[in-house]
Amino acid sequence: MLRPAVLTVAVALAGLACLPGCRRQAPWQAADWRPATAPQRIVAASVLATEVLLAIAPRERLAGVHVLAADPRYSLVAAEAKGLLLVGAEPEQLLAARPDLVVCDAFTRPETLALLAAAGVPFVQTATPQSFDDIAGNITRLGAVCWLEPQAQALVAGMRQQLTALQQKAPQLAGWQVASLDGALHTYGRGSLFDALVRATGASNLAGDRGVGPFRKLDVETVLGWQPHALVLGGADATDGDVPAWLAQQPGLSLLPCVARARLVRIPSPLLATTSHRLVEAAARLQDALLQWGRP
Amino acid sequence: MPAAAARGCVRDCALGAAVTRTVAALAALLALAALYLGLAREGPGLGALLPWLAGDLSPIDAFVLGDIRLPRLLVAAFGGAALALAGAVMQAAFRNPLASPDLVGTTAGAAFGGALTIVTGAAAWSVVATPLGSLLGAAVVTSLVFVLARAHQRFAVATLLLAGIALNTLVGALTSFAVTFTFDNYTASSRVLFWLMGGLDARTWEHAAITAFGCALFGVLLLPRARELDLLTLSDDAAHSLGLDAPRARRWLVGCACGLTATTVANTGGIAFVGLVVPHLARLLVGPAHARLLPASAWLGALLLVASDLGCRLLPPDANLRLGVVTAFLGAPYFLWLLARHRRGEAL
Chain L
-5 MLRPAVLTVA
5 VALAGLACLP
15 GCRRQAPWQA
25 ADWRPATAPQ
35 RIVAASVLAT
45 EVLLAIAPRE
55 RLAGVHVLAA
65 DPRYSLVAAE
75 AKGLLLVGAE
85 PEQLLAARPD
95 LVVCDAFTRP
105 ETLALLAAAG
115 VPFVQTATPQ
125 SFDDIAGNIT
135 RLGAVCWLEP
145 QAQALVAGMR
155 QQLTALQQKA
165 PQLAGWQVAS
175 LDGALHTYGR
185 GSLFDALVRA
195 TGASNLAGDR
205 GVGPFRKLDV
215 ETVLGWQPHA
225 LVLGGADATD
235 GDVPAWLAQQ
245 PGLSLLPCVA
255 RARLVRIPSP
265 LLATTSHRLV
275 EAAARLQDAL
285 LQWGRP
Chain B
51 MPAAAARGCV
61 RDCALGAAVT
71 RTVAALAALL
81 ALAALYLGLA
91 REGPGLGALL
101 PWLAGDLSPI
111 DAFVLGDIRL
121 PRLLVAAFGG
131 AALALAGAVM
141 QAAFRNPLAS
151 PDLVGTTAGA
161 AFGGALTIVT
171 GAAAWSVVAT
181 PLGSLLGAAV
191 VTSLVFVLAR
201 AHQRFAVATL
211 LLAGIALNTL
221 VGALTSFAVT
231 FTFDNYTASS
241 RVLFWLMGGL
251 DARTWEHAAI
261 TAFGCALFGV
271 LLLPRARELD
281 LLTLSDDAAH
291 SLGLDAPRAR
301 RWLVGCACGL
311 TATTVANTGG
321 IAFVGLVVPH
331 LARLLVGPAH
341 ARLLPASAWL
351 GALLLVASDL
361 GCRLLPPDAN
371 LRLGVVTAFL
381 GAPYFLWLLA
391 RHRRGEAL
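Protein chains in written order, with this note's numbering: chain L, -5 to 290; chain B, 51 to 398.
By construction, these hints were calculated from the structure, which means they are not laboratory data. Check before you lean on any hint, since a few could be wrong.
One side of the interface only, derived from the structure: several residues of chain B facing chain L at Cβ under 8 Å [said to hold, decoys possible]: (1) ILE110; (2) ARG241; (3) GLY395.
So these bits of chain L aren't anywhere near chain B, every CB distance computed over 10 Å [said to hold, decoys possible]: (4) ALA73; (5) PRO85; (6) GLY131; (7) PRO144; (8) ALA164; (9) GLN243; (10) PRO245.
Covered by chain B, per the in silico footprint, the following chain L stretches (three or more residues, Cβ under 8 Å) [stated by the list, open to error]: (11) 86 to 92; (12) 117 to 129.
Just so it is clear, CB atoms sit at the ideal spot from N, CA and C, and this is done for glycine as well.
Construct the complete structure from the given sequences, taking the supplied hints into account.
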């Protein structure tokens, strides 16, 4: 009766049965893999990889960087990335750089990884970090696969040194409850890097404390109910206390005491969104702003 | 000249013209394929095609041409052909020039199946997980529509359409519900979003094989039934008087169209308007008889999708223009033109 549909189901089921066998495992997909020689044409296929590699690797070893790494709205190294070959997410663009190593991230599609594997191009995937330890893990892994361990260790040590400096001032911020907010009322909660950033300063992230997941949309009523002591806002070159237009247009939010007292910490969007060692700079900026205001 | 000889001459001339047309169509497709393979912003260009065929190209350039661009070209060509064939069949089976392959829930089912593999993480197991999940979703939803539409052993157009609209809405809502689970996960939400918008980036030989297999299988099943499609454009009673069991034929033909759609959408994501617009263009070229309309639609569909994807490929990496968006840009103005014609009282 439904022969074509039955045939389609049969084809799909047969394919699904073959799935485990289809999975390709290249040697470089092992967690402790390291190339036999130092790679000389590395493609950084993410902003994270670009920010880290530009900090630890000689520029001439970078054969290409992700196109977003040259965009100042998303990248902290946009100026340094200018002049390097810019690549997108497509395998053809990655291969055009003639890489001997591609540094991908969790966003890289399985199809792209399969094609890179089929082309015999080694790749590593950085993990999605949720803490400063995860960031250190990514940097250490990149240092190992690129044969740049001393530089990677130095970068991690620098980040940890800055974290220690933050920890020394952290007790002064006990009791501060902050929340992040953007124009669409999204916030970062438990399990996000923002949560780690706020904890590093000694304050607490309200969304995380309330059990909100890594990235959620809030409504005005919820934000009013939370009564954060300060709001952390992304944005371009604005100074702390400046009220962005979207916040002024939300009549409810202007009732928040922190808005009335202009306790708005402005952190440039690429710094707030970074997943590299540079995140510690955002933490320092937040801590400085809160310390300047004294008590909540 | 005797009458038999005159008839023979007419037959020979018609055959000659058909052969000429076929050769010209294939030549156009091959020329576009060569342009598709050879035009690129970076990497091997047109000059690399002959060395590649001669096996005299660097391994990486050979890989780009043979394992990245060629499978993508095949998915575009077979996918475009399949969607256009499915559209031609649907428009005849429903006697409606605005019918398209997504009418009976096939596309919505495929979208749901594909989204589910991404949301559950199954897409990370293998490159064929999403296509197979989509195939399964399309087959299940389409079968459900068919079962719902079959009342009192009849297979009426109205009940099929109503069941299709109802299931389309329901499955669309389920897809949206599944997508809400990815809000915490940028990776999954961006993948679902991009898949739903349709696109041919990073297609592998597995994708090409599924698309080509579906197009060949269901195409071969459809082509000998061109006369049945001609008869279905009449009323069911008229078709019956000419010896066709219209409900049974419709069920079979729509089933094949769904197979074509499912095996394509599973590998391309949502591609809009190809199934709706291309059969109309083909009718302008070869007329309404399905013996010519089906191959012409397949040819034009392949040309349209390959050309559209070539445009997507040549854009800079930060443009991110999706194939489904390009086909919608091309198809929507044609749809409005059809509407304007209809307002002037002309047949669609």
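Now for the hints, and whether the structure bears them out:
no.: 1; hint: ILE110; in the structure: 6 Å, holds
no.: 2; hint: ARG241; in the structure: 7 Å, holds
no.: 3; hint: GLY395; in the structure: 38 Å, violated
no.: 4; hint: ALA73; in the structure: 17 Å, holds
no.: 5; hint: PRO85; in the structure: 6 Å, violated
no.: 6; hint: GLY131; in the structure: 18 Å, holds
no.: 7; hint: PRO144; in the structure: 31 Å, holds
no.: 8; hint: ALA164; in the structure: 27 Å, holds
no.: 9; hint: GLN243; in the structure: 24 Å, holds
no.: 10; hint: PRO245; in the structure: 26 Å, holds
no.: 11; hint: 86 to 92; in the structure: holds (count 5)
no.: 12; hint: 117 to 129; in the structure: violated (count 1)
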